[in-house]
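One line per chain: the protein sequences are A and B, in this order.
Its first residue numbered 1, the first sequence is counted upward by one per residue in our numbering.
Its first residue numbered 324, the second sequence is counted upward by one per residue in our numbering.
Zero decoy hints are in this set.
Examples of chain A residues lying across from chain B (beta carbon under 7 Å, computed):
1) 15
2) 137
3) 138
4) 141
5) 142
6) 143
7) 145
8) 146
9) 260
10) 261
11) 264
12) 279
Some residues of chain B that are not near chain A, with every Cβ distance over 12 Å (derived):
13) 380
14) 502
15) 517
Since the hints were made in silico from the structure, they are not lab data.
Keep in mind that this is a model prediction, so the values were computed, not measured.
C-beta atoms are modelled at their ideal positions from N, C-alpha and C, and glycine is treated no differently.
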Amino acid sequence: MTATIIGRLSQAFLLLLAMSVIGFVGIHSVGNPVFNIVNVETATPEDIRRATIALGLDQPLWRQYSLFLGNVVSGNFGTSYIYHLPAFRLVMNKLPATFELAAVAMLVAAPSGILLGLLAGRRKGTVADRAILNSSVFALSVPSFWLSMLLIMVGAMLTGWFPSGGRGDAVSAFGSEWSVFTLSGMHHLVLPALALAIPNIALIARLTRSGTIEVEAQDFTRFCQAKGLSPRRILFRHTLPNISVPIVTIIGMQFGGMLAFAVVVESIFNWPGIGKLLIDSIQLLDRPVVLATLTFVAIAFVGLNALVDIFYAVLDPRTRRSA
Amino acid sequence: MNTEAIRALWKRPASFRLTIPKLVLAAFVLLAIAASVIAPQNPYDPLQIFAWESSSPPGTAGGGGYVYLLGTDGLGRDILSTVFYGLRISLFVAVTSTVLAALIGMSLGVIAAYLGRWADALIMRVVDLQLSLPTMLVALIAIVTLGPGVDRIILALVIVQWAAYARVTRGVAMSEANKAYLDAARLLRLPPARNVFRHLLPNSIAPAITLIPIELGHAVALEATLSFLGLGVPIDKPSLGSAVANGFQYLMTGQYWISLFPGLALFGLIASINFVGEDFRRRYDPRSH
Numbered sequence: 001m002t003a004t005i006i007g008r009l010s011q012a013f014l015l016l017l018a019m020s021v022i023g024f025v026g027i028h029s030v031g032n033p034v035f036n037i038v039n040v041e042t043a044t045p046e047d048i049r050r051a052t053i054a055l056g057l058d059q060p061l062w063r064q065y066s067l068f069l070g071n072v073v074s075g076n077f078g079t080s081y082i083y084h085l086p087a088f089r090l091v092m093n094k095l096p097a098t099f100e101l102a103a104v105a106m107l108v109a110a111p112s113g114i115l116l117g118l119l120a121g122r123r124k125g126t127v128a129d130r131a132i133l134n135s136s137v138f139a140l141s142v143p144s145f146w147l148s149m150l151l152i153m154v155g156a157m158l159t160g161w162f163p164s165g166g167r168g169d170a171v172s173a174f175g176s177e178w179s180v181f182t183l184s185g186m187h188h189l190v191l192p193a194l195a196l197a198i199p200n201i202a203l204i205a206r207l208t209r210s211g212t213i214e215v216e217a218q219d220f221t222r223f224c225q226a227k228g229l230s231p232r233r234i235l236f237r238h239t240l241p242n243i244s245v246p247i248v249t250i251i252g253m254q255f256g257g258m259l260a261f262a263v264v265v266e267s268i269f270n271w272p273g274i275g276k277l278l279i280d281s282i283q284l285l286d287r288p289v290v291l292a293t294l295t296f297v298a299i300a301f302v303g304l305n306a307l308v309d310i311f312y313a314v315l316d317p318r319t320r321r322s323a
Numbered sequence: 324m325n326t327e328a329i330r331a332l333w334k335r336p337a338s339f340r341l342t343i344p345k346l347v348l349a350a351f352v353l354l355a356i357a358a359s360v361i362a363p364q365n366p367y368d369p370l371q372i373f374a375w376e377s378s379s380p381p382g383t384a385g386g387g388g389y390v391y392l393l394g395t396d397g398l399g400r401d402i403l404s405t406v407f408y409g410l411r412i413s414l415f416v417a418v419t420s421t422v423l424a425a426l427i428g429m430s431l432g433v434i435a436a437y438l439g440r441w442a443d444a445l446i447m448r449v450v451d452l453q454l455s456l457p458t459m460l461v462a463l464i465a466i467v468t469l470g471p472g473v474d475r476i477i478l479a480l481v482i483v484q485w486a487a488y489a490r491v492t493r494g495v496a497m498s499e500a501n502k503a504y505l506d507a508a509r510l511l512r513l514p515p516a517r518n519v520f521r522h523l524l525p526n527s528i529a530p531a532i533t534l535i536p537i538e539l540g541h542a543v544a545l546e547a548t549l550s551f552l553g554l555g556v557p558i559d560k561p562s563l564g565s566a567v568a569n570g571f572q573y574l575m576t577g578q579y580w581i582s583l584f585p586g587l588a589l590f591g592l593i594a595s596i597n598f599v600g601e602d603f604r605r606r607y608d609p610r611s612h
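Looking at chain A on its own, in the form it has when it is part of the complex (with noise of 0.2 Å):
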């Protein structure tokens, strides 16, 4: 166990290298951001020059990437070209909007999606289970950009029920601020929860529904069965901890998705998250802030990871006892 979380570590480590190292060389060769700084029009070579030393862009491109990595393990990723803040501090200061909206996501989907999976396990083949299965397909075939985009139309529009983007009113807590505990923090939030937690409702409903059937087809089912417990408790109490672990695991990585998702429904909704941050500064070739966003997504989703094989020798005895 100790010894499977270590190697997993070690290899996590491994990926986020080499992923540093081709997003630092690929970054280079999109465009030069002394551009973005100086006014191309009046400056003289001695403005470009003087720019250039002072990003430290005169320096040879391994040395850049050294002086990178030793920042990064510090948690200094540069100073952003734009807003002339520490990166690392921006993408910090914008992770609680991103946070919140992933987590209050994940607890619509969770719930919702393994209920509308064990109703259709239950009753394979019957027309609610059609009728779940086919509207799964439709809710993972709509990219999640149109159906923000619906949801603003008719959630917004139409209707005028939700605000169609910005972040409300935010309160601090825990040194940061956060909307999701205001009212009209929470009304703001609906729309794009919802555009994130769609897609995993019916991942979710998928994975539950197949399990569900596996299971109900073993012999301690039928078992239960003949034991004459409620239906409600065999698949509660019997069935829905056999099928846990994949729920478990698919809920961790799409926690982690949602991260590298939410760049999409931040944009649209113009929810001020790092994945907006991330489109910006793309835009803007604010090299340090897209390099400190991307690291650390891909730092938080290979944690998440890690994360959950931990908790599967909780949720899975068998797995404790194969060290």
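Given chain A, put chain B in place with the hints provided.
Same frame as chain A, now just chain B:
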């Protein structure tokens, strides 16, 4: 050479049913191929566009002697024509990248299985690392690195997709590599490339082929998403994704048709591919429910 597995895929199934998704998908493909013939306007040709007729609602009669059935966008382009041409670009990008990714992934999977040792370790470690990350993250990193453009987005989609084919193919090829016919081929002192591509590859790719329809749907969606974010296909020759993005700014002022119709076409395309793909997989992959 035993290629029954492949032949089973091509054989017309006894119970071929013409379902609605198959019809819809066929219609989309036909529209994309015939775009330049049936579209009332070429949206890339400035001479055919009447700028003063921009943002006309659906049903407006235009100066070109035809009715804008789905309205026009902010530049005066006919939405119906934009949808036809956009379908063409979206399908072209998705099909090209899926075929390339399948070819590269299958080849690398077979090569890894045949060579073993360090080649296997190297290829499969890269596959593991890549499949452990969300596709969107890999796509974003690739596109940030490569920059925008149709060729770049195809390359980015290939980078995202090849690993899945490699993993599945390698698994099958590992067991095929121990079979007698391959020993015979080795004993004949055939060149390794011939062993790999003429004998091992055809017998190992059947399970990976069942991935293609599903991955095609993913490719359409991913291309549209990247184009929507302004990181994919350039906006002057819009794919369906960039056509939706193009109308996003008009959504708030009530000109819903600029985004709505390309979006509906996109959704229909992906949904029909997914339904057909699910049907395909259910037929050929005994493991799936």
